[in-house]
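Student: Fit chain B to the supplied structure of chain A, relying on the hints for placement.
Number of protein chains: 2
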Amino acid sequence: MRDKQAIEIIGAIDLDPAKAERDLGEVVGASDAPWGVKVFADPQQALDLNADVVIHATSSSLAKVMDQLLACLEAQCCIVSTCEELSYPFRTQPELAAKLDAAAKEWGVALVGTGVNPGFVMDKLVLTLAAVSQRIEQAKALRIVDASQRRLPLQKKIGAGLSVDEFRTQVKAGAIKHVGLPESVAMVADSLNLPVENISETIEPKVASERVATEYLTVEKGQAAGVHQIARGLSKDGKELVHLELQMYVGAKDPSDTITLTGHPNISLTIPGGSHGDIATASVVVNSIPVILDAPAGLRTSRDLPIGFFSPSAKP
Amino acid sequence: MRDKQAIEIIGAIDLDPAKAERDLGEVVGASDAPWGVKVFADPQQALDLNADVVIHATSSSLAKVMDQLLACLEAQCCIVSTCEELSYPFRTQPELAAKLDAAAKEWGVALVGTGVNPGFVMDKLVLTLAAVSQRIEQAKALRIVDASQRRLPLQKKIGAGLSVDEFRTQVKAGAIKHVGLPESVAMVADSLNLPVENISETIEPKVASERVATEYLTVEKGQAAGVHQIARGLSKDGKELVHLELQMYVGAKDPSDTITLTGHPNISLTIPGGSHGDIATASVVVNSIPVILDAPAGLRTSRDLPIGFFSPSAKP
Chain A
1 MRDKQAIEII GAIDLDPAKA ERDLGEVVGA SDAPWGVKVF ADPQQALDLN ADVVIHATSS
61 SLAKVMDQLL ACLEAQCCIV STCEELSYPF RTQPELAAKL DAAAKEWGVA LVGTGVNPGF
121 VMDKLVLTLA AVSQRIEQAK ALRIVDASQR RLPLQKKIGA GLSVDEFRTQ VKAGAIKHVG
181 LPESVAMVAD SLNLPVENIS ETIEPKVASE RVATEYLTVE KGQAAGVHQI ARGLSKDGKE
241 LVHLELQMYV GAKDPSDTIT LTGHPNISLT IPGGSHGDIA TASVVVNSIP VILDAPAGLR
301 TSRDLPIGFF SPSAKP
Chain B
1 MRDKQAIEII GAIDLDPAKA ERDLGEVVGA SDAPWGVKVF ADPQQALDLN ADVVIHATSS
61 SLAKVMDQLL ACLEAQCCIV STCEELSYPF RTQPELAAKL DAAAKEWGVA LVGTGVNPGF
121 VMDKLVLTLA AVSQRIEQAK ALRIVDASQR RLPLQKKIGA GLSVDEFRTQ VKAGAIKHVG
181 LPESVAMVAD SLNLPVENIS ETIEPKVASE RVATEYLTVE KGQAAGVHQI ARGLSKDGKE
241 LVHLELQMYV GAKDPSDTIT LTGHPNISLT IPGGSHGDIA TASVVVNSIP VILDAPAGLR
301 TSRDLPIGFF SPSAKP
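Just so you know, the sequences run in chain order A and B.
Mapping of the first sequence onto our numbering: residues 1 to 316, in sequence order.
Mapping of the second sequence onto our numbering: residues 1 to 316, in sequence order.
It is possible that part of the hints are untrue.
[Unchecked claim] Not the full set, but computed from the structure, chain A residues with beta-carbon under 10 Å of chain B:
#1 W107
#2 S133
#3 T262
#4 H264
#5 A280
#6 T281
#7 A282
#8 L293
#9 A297
#10 A314
Hints were generated in silico from the structure; no laboratory data involved.
The beta-carbon is built from N, C-alpha and C at its ideal position, and this holds for glycine as well.
This is chain A alone, in the form it adopts within the complex (with noise of 0.2 Å):
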C-alpha cells in the first residue's frame, strides 16, 4: 500500500495491546519507521479521521464482522475486506448480504468482499476467462499450494503434522478449514447461468507420502500435510456443475491454478507455481482500492468491478 503514492495511510486500528497506540511503521518493523501513522485501540477514533477506504482483514466470518463493517459504513468509508464469507454472500448468508447493502447505499459508499481466493482465481478469473465461450456447462478449477514455503500459522492451520485421526476431529471443530469456496461456487454458478441448486463441500486430509521437514515442523509419512477441499455446485439431479478444489499442503510437488471450461469452446488456463497466496492477496485487496472508491454504493463483489493493477503514480 506504501508503494501506490495516491495513497495516504492515515490510521490503524488493532486491538492487540502489544501494537495498539504505537507507531504502524514500528508495528511492522519497517526500516524507515516511525511513519507517524497511529496504530488505535478504539476503533472509532481511527474512524474519525474520515478515510476513503478502510482495508479491513479480520476475521472469515461475516456474521463476526457485522459490527465492524457496518461502522465503517456509518463513517462514509468505503471497505475492501479480507472476510471470505462477504466475497458472494447473497447465497450463503442473504440477509446479512441485503443488511450491508442497504448500510452502504445509505452512507454513499461501496464495499467489497475480495482476495486471491475468493476474489480471483476461483472466481474473478474463472468469469474473465468465460468471456472467450459462446456457451459455458460446466466450470472447475483447482489450486494447488505447497504451503511448504508458506508462515507457520498457514501450515499449522491446514493440519499439517497431524495424525488423520486429529486432523478430522479439527475439521469436525471447525478449526481447519478454508473459507469461502461455497462462496466462490455460488458466484460462478450464478454468474455463467448454471443451474446449481445444492452447495456441497468436503474437508479431507492430504496424508504425506513420504516425511516432509520445512523450516517450522516435520511431517512424518502417513501424517495430515495439508488439506484436500472441495466444493460442489450441484444441479437438481446431482449434476456436478461447478468443481472447485483446494489442495494445500506441505510438499505439494506441482503448484498451479487451473481454470478448466467446458462447453463451445472447450477452454482452460493454467498459472505454473500458482498466485502466491500472501502477496496476491494482499496485492488483489490494494489494487481494489481505485475500483471500490469509483463503485456505485452498495455491496460489491469482484465479479462486478474492473480489477487491474493500481499503478503507484495512479490517481485512485
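Tutor: For chain B alone, coordinates are given in the frame of chain A:
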C-alpha cells in the same frame, strides 16, 4: 447472439448486393430461416429501428469507420465494434478518440472496440492477471495460432503459401498485417504505469520448415507459412517494457496463449491450445453487450469493463 434470450436482433446492415434486402437467417444459411430480420443496404434504415446496441464489424481501420460509428452514436445506439484500432486509440489516434468520446457523451451512449485480440488475450487478460502483483516491471504476451484449421481468407491474409519475397512485398503494401498490437501495447503500458515512450512493430514471415497441406492450400518448405509479428513498448532509453508477439501460421506446433509478468512476484499464465480466434472474437463481442449498455456514456475500452459471460437468460 441468438443464444441470448435477453437480446432481440432487429436488423442487419450489409452493402453487399448479394445480401442486402434479404432475410438475415437466409443470408447466414440458418436451418431455422427465415428469421423475419431484414438485411438493410441503407444503414440509416436500420438505425431508424432504434436499437439499443449496434454490433459493428466492418474494418480494422478507425479512420475508415469513423462516419459509421458517428452515425450509430447519433442514433443513440451503444456500439460494440471489432474495429481493432478502436480498442485503445488514445495514443495512436488521439483526435479520433476524442471526437468519438465527445459524440458518445453528447448522445448519452457508450462504445467499445473489442474482440479476442485486441480486447482480451494481450490486454484485458494481462491486466486482470496483474491484479495479483504488487509491482510490475515488464509484461509479455505470446499468442501462437495454428492457422491450418482456420478459414481460407485468414490463411491467405497471413500470407500462407507465398514466397518469402512476395510475403515481404505484401507486408510493405500493408496487405499482410494483424491490426491492433500497438493499441494493446498502449493499453498495457498505460494501465501498468510502464514508462513506454515508443511503440515499434515488426512483421516477419514464419518460414515453413516442411511441407504443410491444409484443406484449402499447400505451403512448401521454404515458403511463408504465416506471420510472426511483434509489437514492443520501449522506454526512452530503449528498454523493452511491453512485448506482444503473435505467431499465426499453418502447421504451428504448440498453439497457446501465454502471458508473463515480471515484477513482484513474477507470474505467468497459459491457455493451452489458445483461445479460438473466430469463436472467441464473436463471444467477447456478444458477452460485451450487457457491460456496454451498463457503462457510463463515452468511449470505453476493455480495460474499463468488467468482462464476463453474458448468461443466455440474463437481462442485459
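Student: Using Cβ atoms only, decide whether H264 of chain A comes closer than 10 Å to chain B, and label the hint accordingly.
Tutor: 7 Å, holds
Student: Double-check A314 of chain A for me: the hint is only fine if its C-beta lies closer than 10 Å to a C-beta in chain B.
Tutor: 6 Å, holds
Student: W107 of chain A was flagged as interface toward chain B. Is the shortest Cβ-Cβ separation under 10 Å?
Tutor: 22 Å, violated
Student: For the hint on A297 of chain A, does the least C-beta distance to chain B fall short of 10 Å?
Tutor: 15 Å, violated
Student: Interface hint check: T281 of chain A, Cβ to nearest Cβ on chain B, cutoff 10 Å. Holds or violated?
Tutor: Since chain B brings a Cβ to about 8 Å from T281 of chain A, closer than 10 Å, the hint holds.
Student: Interface hint check: S133 of chain A, Cβ to nearest Cβ on chain B, cutoff 10 Å. Holds or violated?
Tutor: 6 Å, holds
Student: Does the CB of L293 of chain A sit less than 10 Å away from some CB of chain B?
Tutor: For L293 of chain A, the interface hint is violated, since the closest Cβ of chain B sits about 15 Å away, which is over 10 Å.
Student: Hint validation: A282 of chain A versus chain B, beta carbon distance must be below 10 Å. Holds or violated?
Tutor: Since chain B brings a Cβ to about 7 Å from A282 of chain A, closer than 10 Å, the hint holds.
Student: Can you verify the interface hint for T262 of chain A: is its Cβ closer than 10 Å to any Cβ in chain B?
Tutor: With Cβ-Cβ at 13 Å, over 10 Å, it is violated.
Student: A280 of chain A was flagged as interface toward chain B. Is the shortest Cβ-Cβ separation under 10 Å?
Tutor: Holds. Min distance 4 Å.
The structure shown violates the earlier hints numbered 1, 3, 8, 9.
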